[in-house]
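Asker: Going down the list, the sequences are from chains A and B. Each residue of the first sequence is one higher than the last, beginning at 53 in the working numbering. Each residue of the second sequence is one higher than the last, beginning at 4 in the working numbering.
Rather than coming from a laboratory, the hints here were simulated on the basis of the structure. Model, not experiment: these values are computed from the prediction. Any given hint could turn out to be false.
What the hints assert, rightly or not - To spell it out: a stretch of chain B is covered by chain A in this simulated footprint if at least three of its residues, at any positions, have a beta carbon under 8 Å from a beta carbon of chain A; those stretches are:
| no. | segment |
| --- | --- |
| 1 | 21-29 |
| 2 | 60-69 |
| 3 | 104-110 |
| 4 | 116-127 |
| 5 | 133-147 |
| 6 | 245-252 |
| 7 | 266-278 |
No residue lacks a Cβ here, since even glycine has one placed at the ideal position from N, Cα and C.
Listed below, chain by chain, are the residues.
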Amino acid sequence: MTAQTTTRRRPLTGSLLVRRVLGHGATYLVLIAAAVLTLGPFLFSVMTAFTSTTQFAQQGPLSIPSPAVLDNFRALFSPTSTSDGFVTPVAVTIQMVTAILVGQMVFSVLAAYAFAQLRFPGRDLLFWVYIATLMVPQVVVVVPLYLMLSEVGLRNTFWALVLPFVLGSPYAIFLLRENFRGIPSELMDAMRIDGAGTLRLLWHLVVPLNRPIIVTLVLITVVTHWNSFMWPMVITSGPTWRVITVATASLQSQYNNNWTLVMAGTTLAMLPLVLLMIVFQKQITNSVGEATLR
Amino acid sequence: MNARRPLLGWLLIAPSLIGVTCFLILPVVLAFVVSLFRWDLLGTRKFLGLDNYISLLSDGALANSLLVTAIFTLISVPVSLAIGLVLATQLVRALPGSAIVRVIVVIPWVCAPLALGVVWKWIFQPSVGALNQILGVRIEWLTDPSLALPAVAFVAIWQNVGYISLFFQAGLTRIPGSIYEAARIDGASSAQQMWFMTIPLLRPTTFFLAVTQVVASFQVFDMVYALTGGGPQHRTEVIASLIYNEAFGASRLGRASAVAVILFLLLVVITVIQQRWFSKRITYDMS
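I would like the entire structure built from these sequences, with the hints used as guidance.
Answerer: Below is the structure:
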């Protein structure tokens, strides 16, 4: 490490300039490499999704679609004999995500408010139990959940898709409680004196005051459940309640070599969230702060 | 002041309490119970005691999965943390254009691991895959027993690096610039600043990431399912794949539950160790 002495003595502006450019050059090299390596696979798959089957067969995966065709997407949306279209999966996924999102937000906000602002016997013990359940991963409970929901006759129903998640999430409750604790009690008291009930208090004061964390949680919930795969695959069978990830997986195993069609499927599965991510990039970047070191 | 309203409190908690009890606590208890039975998908069952655990230990399936998961973790976590840190140090310099790159590198993280797995499975295809076409080789990335697990780990790294760099970026911006100025005046090179200042000061972030990434990589499933399904020769059969294959492939729900119980206990141990560490290290103050 002898370089530091030269820096200290402020060398000629010329060599300083070279160092600056070189420094930035290295940075740009890293940034460009990161961007190319990240986007490459997406580019390949989207390109292939717009390539005709014949062109793909003749020219391989690196050819630029000429002409770009919508055949693969059309094939996905025109359910044929086997009814393997993507219309149902898209609709089922949207319904499932919406139901889980609304339920999880409402019930998590209610619980978090109670934990943060009310006193009742058993509160602290219960909250500790909620925190402990954060350690339970999906894969550990998938077999027993399957047995339970099959036992009550809910296998392959819409309820089976949403029920385990719709009643609130310990993670959301934990994050919301942290934020709800900071609400000034004078504000709450003022509203209560004006005769506001708990629901009005929540809707007009607590939720608006905590909009950033709620937006973050909405995004996390949408991403998690749009992408969820294991539980929907296990608990549903056949095309009726197939979600988009399960449809993509079955497309891949069914049309193993029809990669242009499969890539149209993956493009559809990923596109909505990529757009969401681009629109809400600030909130997603900020969410990292919420998740760390509380 | 907290209001003392017992009835309202319980009423507001009720829905989530039902959810937590029925869909998190009860299933964990049930997993313990099912693991003591021979139990198939048709519902026939026979009490076995600890036989599922004994057979898992003796036939090597569990040991294999634990080893595969451990290797996967040991490759993917350190490498993605290291690349994530390097990426973050370049992104926080906030040069023109870096804002776009910051968004681009997080894109894989919001995509379904299942869909990404399918895309990469195609890229890795020996004959029509993009990777072999670019490299001009014909390598069986996902079916060669010695290449499959590194290939799966690579895809996991590729997906997580951008997300990890977000945490490091947040950590880096919390370090006051004045200490670097002081170091420069004292003549510390940028390599020295990185090694003796940045990395130690980022320790809380690094530790948080290491723990959450280890816990997450012990649960990885979707991506492996799409890429290899656990093959070739069980070389990529991570713990979650073993649970799935035992339960829904081989119709052995009891054995699958025994694996689940072991995974759960393992994660509890990791979390408890982490808590011990955290309580010691979290007091690290950088002001």
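Asker: State for each hint whether it applies.
Answerer: Going down the list of hints, with the structure as the test:
Only residues whose beta carbon comes within less than 8 Å of a beta carbon in chain A count, and the segment 21-29 of chain B has 8; three or more means the coverage holds. Using a Cβ-Cβ cut-off of 8 Å, 0 residues of the segment 60-69 of chain B lie near chain A, which falls short of the minimum of three, so the contact claim is violated. Residues of the segment 104-110 of chain B lying with their CB closer than 8 Å to a CB of chain A number 7, which satisfies the three-residue condition for coverage. Interface restraint, the segment 116-127 of chain B with chain A: holds (10 residues with C-beta to C-beta distance below 8 Å; minimum three).
Look at the segment 133-147 of chain B against chain A: 3 of its residues bring a Cβ nearer than 8 Å to a Cβ of that chain, three or more, so the hint holds. With a threshold of 8 Å between beta carbons, the proposed coverage of the segment 245-252 of chain B by chain A holds, since 4 of its residues qualify and at least three are required. Figure legend: the segment 266-278 of chain B, annotated as covered by chain A; annotation consistent (5 residues with Cβ-Cβ distances under 8 Å, at least 3 required).
When each numbered hint is compared with the structure, a violation occurs for hint 2 only.
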